[in-house]
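J.: Residue numbers (this note's numbering): 394 to 546.
The set of hints was computed from the structure by calculation and includes no laboratory data.
Nothing here was measured: the structure is a model prediction, and the numbers come from that model.
Misleading hints may appear alongside valid ones.
Computed Cβ-Cβ distance ranges for the label pairs, DEER-style [as the list claims (entries may be wrong)]:
1. G458 <-> G418: 20 to 26 Å
2. S452 <-> P487: 38 to 44 Å
3. H441 <-> G465: 37 to 43 Å
4. M394 <-> R427: 32 to 38 Å
5. L469 <-> F544: 18 to 24 Å
6. A525 <-> G418: 17 to 23 Å
7. H454 <-> E413: 32 to 38 Å
8. A431 <-> S399: 15 to 21 Å
Virtual Cβ for every residue (Gly too), placed ideally from N, Cα, C.
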Amino acid sequence: MDTFASRLDGAWVWFDAAIEEAQEGRWVRDAVERQVMADIRAATNALHGGRPAPFTEDSWHVRIGRIANWAGVLRLAARAGGWELLPVVGLSPPHPAGMTELLSGIHAIGEQGERWMRQLREGVLPPEDEIAQAEGFLTGPGSVEDLELFFHD
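I would like the entire structure built from these sequences, with the hints used as guidance.
T.: Written out as structure tokens, the structure is:
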């Protein structure tokens, strides 16, 4: 079933698979991949001012919008690099993992943000703990925000 928990679990598995490949030297990013990652970082700046997640002092719209923005940025990045985003729920990432798997894992969380944004417009608030977990996946120590630290190329 495609729940937030299954998305988050799948996102971590796919993210970790790509990072492991890079750290073991089996995936060395090329110039396009490095530039796309720099562009993603620039386009998804959380503007949290160094505050740690969760960003409970921000409005629901800001918090969910910050998460949802990742989906569009990642779809553009995938198109720019010719990578196809894949579903991660209940699936193991193919090996060797690389840019497709990395982007697909992160996209799963951004796409969840888009779902939450639709629900919010209908007056339905998502669970606070899920928003906090998504924020923690995307920002802060050991998160996607620290992505560049995981690469040694």
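J.: Which earlier hints can't be squared with this structure?
T.: Hints 1, 3, 6, 8 contradicted; others consistent.
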